[in-house]
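Got chain D; can you put chain L on it based on the hints?
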Amino acid sequence: MDIDHDTLVGFAKSWGLFYFIAFSVCVMIYAFWPSNRKKFDDAKRNILDRDDRPWQ
Amino acid sequence: MVQQLTSGERQNALIILLCVFVAGLAMAAAGGSDPLGMHGVIVMLFGASLGALVMRSYYDRQPDPDRLSHYYDDPIKAGVALTLAWAIFGMFMGVWTAAQLAWPDLSFDAGWSTFGRLRPTHTTGVIFGFGGNALIATSFHVVQRTSRARLAGQVSPWFVLLGFNLFCILAVTGYFMGVTQSKEYAEAEWYADLWLVVVWVTYFVLFLRTIARRKEPHIYVANWYYMAFIVVVAILHIVNNLALPISFGQAKSYTIWAGVQDSMVQWWYGHNAVAFFLTAGFLAMLYYYLPVRAQRPIFSYRLSILSFWGITFFYMWAGSHHLHYTALPHWVQNLGMTFSVMLLVPSWASAGNALLTLNGAWHRVRDDATLRFIFVAAVFYGLSTFEGSFMAIRPVNALSHYTDWTVGHVHAGALGWVAFITFGSIYTLVPSLWKRERMYSPALVEVHFWLAVAGTLIYVFSMWNSGILQGLMWRTYTQEGTLAYSFLDSLVAMYPYYIARACGGLLFLLGAIVAAYNIWMTVRAVPASAAERQSDVPDTGLAPGAAATPAE
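Quick mapping for you: the protein sequence lines, in order, are chains D and L.
Under the UniProt record's numbering, the residue at position 42 of the first sequence is numbered 42, and the numbers go up by one with no gaps.
Under the UniProt record's numbering, the residue at position 461 of the second sequence is numbered 461, and the numbers go up by one with no gaps.
Isolated chain D, as found in the complex (with noise of 0.2 Å):
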């Protein structure tokens, strides 16, 4: 099969959707996986401590 632009064109606007699609389904679930909330919330608040030195 010879891969011309038609190929190219067709599989961007077949396949590459559908990897988008999958694809943020994917980061909508890992982003509102309820057990993900507390780590979340956690790595917001954490950043805000007061520390001068690296956790040993």
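Simulated from the structure, these hints should not be mistaken for lab results.
Since the model is a prediction, treat every value here as computed from it, not as a measurement.
Hints are not guaranteed to be accurate.
Below are the PhoX-like pairs computed for lysine-lysine, each with C-alpha atoms no more than 25 Å apart in a straight line [to be verified]:
{"#": "1", "chain 1": "L", "residue 1": "Lys435", "chain 2": "L", "residue 2": "Lys77"}
{"#": "2", "chain 1": "L", "residue 1": "Lys183", "chain 2": "L", "residue 2": "Lys252"}
{"#": "3", "chain 1": "L", "residue 1": "Lys77", "chain 2": "L", "residue 2": "Lys215"}
{"#": "4", "chain 1": "L", "residue 1": "Lys435", "chain 2": "L", "residue 2": "Lys215"}
{"#": "5", "chain 1": "L", "residue 1": "Lys215", "chain 2": "D", "residue 2": "Lys38"}
{"#": "6", "chain 1": "L", "residue 1": "Lys215", "chain 2": "D", "residue 2": "Lys39"}
Every beta carbon over 10 Å from chain L, so not counted as near; a handful from chain D, in silico [as the list claims (entries may be wrong)]:
{"#": "7", "residue": "Asp2"}
{"#": "8", "residue": "Ile3"}
{"#": "9", "residue": "Thr7"}
{"#": "10", "residue": "Ser14"}
{"#": "11", "residue": "Trp15"}
{"#": "12", "residue": "Phe18"}
{"#": "13", "residue": "Ser35"}
Heads up, the beta-carbon is just placed ideally off N, CA and C, and yes, glycines get one too.
Below, chain L without anything else, positioned relative to chain D:
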């Protein structure tokens, strides 16, 4: 700086510098009278002077073994100093070239000072010199603080910082001599590009190893942005700069890409340099220094994750909007246009997240000029990403392309967003890094803020006016179907705007000089006693010393 290294590390540093010196010698020998030879001499001088610095302190006392239980701040301090030095150089070159456009005699009839040679010294000076050093310095600071781990190396942070500056020096000195590979934001020639690959891979490994040592279980989102910045810039830099030198003794090279593919690769690089060099890393600063300065956690951490992945995956496809109405296939233009419009969603998510973090702390924004720098940065980020998405739409681009509107857009981003977030971060970073209670003079921070705001607004408004005027003049037809204005007519119409633009840039430069003075005086001041000091607490602007600054 050398005092912090053990004798083994001092040896390693000397070996590296010797290799740099030998490489410089080889370049000088192979290059001869070619600009490559001159660059060889510069590399030799660079290696030799740093080598002398190491040797001078070679037999100094060994560092305290306790140093490993502290954060490694020396390279960050040097990075801040280099950031300011490049800011002043790069912005001065910007003002000079802007003035040349209004008064062409300012090139003084010399070859090295023509507009074509000076312009890349401005872009490289501000993007890589100012922006790059700020990114390296703040990334070292943020990754240590958010991971609660010391940098994973003693010599490698210095290698990254100073090696990157050697690249900038080679690039800028080359432009004066006429060395360029004629690629936007990637003008430096093959040997400098190869060197940057070595430096960048070291940076990547150092960053990864530091994150691997983290004591905090979750990797804070700012580090994701820095990581994206480092990884993507490596990929972009390598692909865009694939080139064959005409010989190993000459600076000139030819790219391996040809025709429209070359244009596409170049703008894939060019737009992602905006995305990952000038956006991702600076968003990392926003996500760390904004919460720290405002003493409020980011409004929504989840939103920051969603916008991170949105920006990372959308930006990659947007570059072709630079090539509307060219030989590039129509569907590729459409692809770039569509992704550029979609980019508005993650961009505004970040800008909105920043502004909502400040919601409820507006009195601090009012009182603290540093926080106001960060606030203005978030506003300009929102504005310029909206403008960018809009200009990427093909019919809008028909009006805006090749006009000063593009220049205005770039500077809304570069001055209003990148420089403002950088200065906001530096004003937050400097007192905590040098263990000072606050900046030497809050009043001078205020002066800098207003100079920068005035400069940005004058610059951007004059370029909007001139750009749209240019675009309209170029497409106005007479009833007979001929063009109504010659190119020269449009040039004459630009004259007042070019003068205004140079004035705006000058104000911005003055602000940077004020910042450098203020930071220098902060560093020189006597440290606050450890008992009194509250590290990382923001200055409310109502500091007791605000009135007592007679030294100005």
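Here's how the hints hold up against the structure:
1. Restraint check for Lys435/L and Lys77/L: satisfied, since their Cα atoms lie roughly 12 Å apart, inside the 25 Å limit.
2. Distance hint between Lys183/L and Lys252/L is fulfilled; the C-alpha atoms sit about 13 Å from each other, no more than 25 Å.
3. For a cut-off of 25 Å, the pair hint linking Lys77/L to Lys215/L stands: about 24 Å separates their Cα positions.
4. Using a Cα cut-off of 25 Å, the hinted pair Lys435/L and Lys215/L holds, with the two alpha carbons roughly 24 Å apart.
5. With a C-alpha separation of about 17 Å, the suggested pairing of Lys215/L with Lys38/D holds against the 25 Å cut-off.
6. This hinted pair checks out: Lys215/L and Lys39/D have alpha carbons roughly 14 Å apart, not beyond 25 Å.
7. Every beta carbon of chain L lies more than 10 Å from that of Asp2/D, the smallest distance being close to 17 Å; the non-interface claim holds.
8. No Cβ of chain L approaches the Cβ of Ile3/D within 10 Å, the least distance being about 15 Å, so the stated non-interface status holds.
9. No Cβ of chain L comes within 10 Å of the Cβ of Thr7/D; the nearest lies about 13 Å off, and the non-interface call holds.
10. Every CB of chain L lies more than 10 Å from the CB of Ser14/D, the least distance being 13 Å, so the non-interface label holds.
11. Chain L leaves Trp15/D outside its interface by the beta-carbon criterion, the shortest separation being 14 Å against a cut-off of 10 Å.
12. Under the 10 Å C-beta cut-off, the non-interface status given to Phe18/D relative to chain L holds; the minimum distance is some 14 Å.
13. Non-interface status of Ser35/D relative to chain L is upheld: no Cβ of that chain comes within 10 Å, the nearest being about 13 Å off.
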